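This is what each chain is made of:
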Amino acid sequence: MIRISGMDFGYGKNHLFRGLNLNLKPGNIYGLLGKNGAGKTTLLQIMSGLLFPEAGEVLLLGREPAKRSPSLLAEIFFLAEDFHVNALTGEAYELLYAPFYERFDHHQFLSYLEEFDIPGNRKLTTFSYGQRKKFLLSFGLACNTSILFLDEPTNGLDIPSKNQFRRVLASAVDETKTIIISTHQVRDMGHLIDPIVIVDSGSIILNRTIAEIGRSLLMRYVRALPSDPVPIYSDQALGGYIVVEENKSGEEGSVDIEVFFNAVMTARERVEAALQRRAG
Amino acid sequence: MSFSIRRLFLLMKRDLHTQWRNAFLALAAAIAVIIVLGVLVAWQGDTRQFHDILFPLLFLPGGYILTSRSFSDLHHKASIRHFILLPAGAGEKTLSRLLFSGPCYLLLAIFGYSIAALCAHFLTLLLFRNAIPFFTPFTRNLRFLYANYLASQSLFFLGAAWFRKNHFLKTVLTLTLLSFFFSLLGLLAQRLAFGGLYQLNHLDPSIFRPLLGRGLMEGLIRCAKIFYWGILPPFCWLVSWLRIREAEVSHGV
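Protein chains in written order, with my numbering: chain A, 1 to 280; chain B, 281 to 533.
These are computed hints drawn from the structure, not numbers from a lab. Computed from a predicted model, the values in this text were never measured in an experiment. All C-beta atoms, glycine included, are put in the ideal place defined by N, C-alpha and C. Heads up, some of the hints might be wrong.
Calculated pairs, EDC-like style, for lysine to aspartate or glutamate (alpha carbon to alpha carbon, straight line, at most 16 Å) [what the hints assert, rightly or not]:
hint: 1; chain 1: A; residue 1: Lys67; chain 2: B; residue 2: Glu528
hint: 2; chain 1: A; residue 1: Lys248; chain 2: A; residue 2: Glu212
hint: 3; chain 1: A; residue 1: Lys123; chain 2: A; residue 2: Glu91
hint: 4; chain 1: B; residue 1: Lys357; chain 2: A; residue 2: Glu81
hint: 5; chain 1: A; residue 1: Lys248; chain 2: A; residue 2: Asp235
hint: 6; chain 1: A; residue 1: Lys25; chain 2: A; residue 2: Asp194
hint: 7; chain 1: A; residue 1: Lys248; chain 2: A; residue 2: Glu272
hint: 8; chain 1: A; residue 1: Lys35; chain 2: A; residue 2: Glu258
hint: 9; chain 1: A; residue 1: Lys67; chain 2: A; residue 2: Glu54
hint: 10; chain 1: A; residue 1: Lys177; chain 2: A; residue 2: Asp194
hint: 11; chain 1: A; residue 1: Lys67; chain 2: B; residue 2: Glu526
hint: 12; chain 1: A; residue 1: Lys162; chain 2: A; residue 2: Glu115
hint: 13; chain 1: B; residue 1: Lys293; chain 2: A; residue 2: Glu91
hint: 14; chain 1: B; residue 1: Lys357; chain 2: A; residue 2: Asp82
hint: 15; chain 1: A; residue 1: Lys162; chain 2: A; residue 2: Glu175
Distance ranges between label pairs, derived from CB positions [as the list claims (entries may be wrong)]:
hint: 16; chain 1: B; residue 1: Ser352; chain 2: A; residue 2: Glu91; range: 18 to 28 Å
hint: 17; chain 1: A; residue 1: Glu64; chain 2: B; residue 2: Leu449; range: 36 to 46 Å
hint: 18; chain 1: B; residue 1: Leu379; chain 2: A; residue 2: Glu91; range: 19 to 29 Å
hint: 19; chain 1: B; residue 1: Pro383; chain 2: A; residue 2: Asn36; range: 28 to 38 Å
hint: 20; chain 1: B; residue 1: Arg301; chain 2: A; residue 2: Gly120; range: 34 to 44 Å
hint: 21; chain 1: B; residue 1: Ser352; chain 2: A; residue 2: Ser171; range: 33 to 43 Å
hint: 22; chain 1: B; residue 1: Ser352; chain 2: A; residue 2: Gly12; range: 44 to 54 Å
Could you build the full structure based on these sequences and the hints that come with them?
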């Protein structure tokens, strides 16, 4: 569905990506993680054709997004962190924008709006940031595009809305769709994003499913730090430690994405080795 | 490059609701201004030149300012993403904005001005028995003005696509600088060609007559006309289209 090979990109003289490779398959909700400035948003923008790569190949559904053919654009919906809405009512917005998307489903749109408790007859500019985001997400999902890019989608959503967001998104994905979520709010994305893609230092350093991670690594809470073997990663928690160890049982353990991300950032080689051993 | 009339109409419909709402507000304000000015002029006395002066004074700057705002969403950080990712081709997006700022504005301005002139006519007739004349929108002079607008508007259209901020002012400034540059170039060329004449104490204009006779000046004027009417507008539209096609999200400010 999305294939990036040998892609270079930079802002001026600052190279952000060098020879980046990535392959994303349909039917998944990918979680794109990385530190601040790692290039998560930039990567989404390159994949959607908003930025042009300097070298290499980027293909979406077998076509170059940089060419911006209308038929490919109709397969993409991008919900950015800082988005723009016009002074239109929800109904007018649908009337003006939905015809651009062939598979737009009016009933689906209404059901998403209802789920998010968003009135369709009010001007979008009168909505709060979170309401606008929920409106655009409802519209984007109802467009039934093959690819949905979401940049920090839970920022600005209240606690019940985050729940609704997870529920709606989980129900929306099917075998034909790929959803890519770039986020720092990994706790909001628990049990939703799978596989996990981590971008760091201009390349993709990890692209694994939650099942693979759970089979290779064990994340648990301990009172005292074990000394033999020394955990791959440990972090102090209330009254003890959260540790990441190699999973030798072979049974799939639960994955705390935040802990896993920190483990990758601090002990990347050991995490990779554990993942490789299990895969091998 | 794919082109679809359906998508063009969808774009124009969308643009009408989102981009040009302010233009309608400006038109309503302009109608009010015309009526008020009509009343003031009729009160003073001579109304014969009213439309000859006022219409170009409102029509040309109004059109240029409107055209300069054609791609305001392309240069805004929050809306550029929306503009680029809207499922339509760069050609369709460019054409939609061009049609609005060119022929659509022209028709709207004629219609709006005619309505305002009609209101001013009856109002002044009622108040002073010295009516503002009816507006005749298709006189020879006005047709020439419309054609000139459609040609020169292309420069502001290019400015709207090219400059990221203050499109109108930057276009005017660029045109001023370019005219200075070409004036200097012309001066230099003239100095090189006719440098010897400056040695004379008295410059006799009849010296140039042989040149006119040979058709050099007519040739130059014809070339300038071909450039102005036939080359400049398509060139500006083409460069605007290329600019839209190559726009990246990082262009937004």
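Checked hints:
Distance hint between Lys67 (chain A) and Glu528 (chain B) is fulfilled; the C-alpha atoms sit about 12 Å from each other, no more than 16 Å. A C-alpha spacing of about 13 Å is found between Lys248 (chain A) and Glu212 (chain A), which places the hinted pair at or below 16 Å, so the restraint holds. With a C-alpha separation of about 9 Å, the suggested pair Lys123 (chain A) and Glu91 (chain A) falls inside the 16 Å cut-off, and the hint holds. The hinted pair formed by Lys357 (chain B) and Glu81 (chain A) meets the criterion: a straight-line CA distance of about 12 Å does not exceed 16 Å.
Of the pairs offered as hints, the one joining Lys248 (chain A) and Asp235 (chain A) is violated, with about 21 Å between alpha carbons and a cut-off of 16 Å exceeded. Only pairs whose Cα atoms come within 16 Å are accepted, and Lys25 (chain A) paired with Asp194 (chain A) is accepted, the gap being roughly 11 Å. Restraint check: the Cα-Cα separation between Lys248 (chain A) and Glu272 (chain A) comes to about 15 Å, which is no more than 16 Å; the hinted pair holds. Restraint check for Lys35 (chain A) and Glu258 (chain A): satisfied, since their Cα atoms lie roughly 12 Å apart, inside the 16 Å limit.
A distance of roughly 14 Å separates the Cα atoms of Lys67 (chain A) and Glu54 (chain A); the hinted pair therefore holds under the 16 Å criterion. For the hint pairing Lys177 (chain A) with Asp194 (chain A), the CA-to-CA distance comes to about 13 Å; that is within 16 Å, so the pair holds. Distance restraint check for Lys67 (chain A) and Glu526 (chain B): the Cα-Cα separation of roughly 9 Å lies within the 16 Å cut-off, and the hinted pair is therefore satisfied. Distance check on the hinted pair: Lys162 (chain A) and Glu115 (chain A) sit about 12 Å apart at the alpha-carbon level, within 16 Å; holds.
For the proposed pair Lys293 (chain B) and Glu91 (chain A), the alpha carbon gap of about 15 Å is at most 16 Å, so the pair holds. Restraint check for Lys357 (chain B) and Asp82 (chain A): the C-alpha separation of about 9 Å stays at or below 16 Å, so the hint holds. For the suggested pair Lys162 (chain A) and Glu175 (chain A), the alpha carbons sit about 24 Å apart, so the restraint of at most 16 Å is broken. Range check, Ser352 (chain B) to Glu91 (chain A): about 25 Å between beta-carbon atoms, so the 18 to 28 Å window is met.
At about 37 Å, the CB distance of Glu64 (chain A) to Leu449 (chain B) agrees with the hint of 36 to 46 Å. Checking the proposed 19 to 29 Å range against Leu379 (chain B) and Glu91 (chain A) shows it holds: the Cβ atoms sit about 26 Å from each other. In this structure the supplied range 28 to 38 Å is violated for Pro383 (chain B) paired with Asn36 (chain A), their Cβ-Cβ distance being about 49 Å. For the hinted restraint 34 to 44 Å between Arg301 (chain B) and Gly120 (chain A), the CB-CB distance of approximately 20 Å leaves it violated.
Evaluation of the 33 to 43 Å hint for Ser352 (chain B) and Ser171 (chain A) yields a pass: the beta carbon distance comes to about 38 Å. Restraint check, Ser352 (chain B) to Gly12 (chain A): a C-beta distance of roughly 26 Å breaks the suggested window 44 to 54 Å.
Hint check: violations occur at hints 5, 15, 19, 20 and 22; the rest are consistent with the structure.
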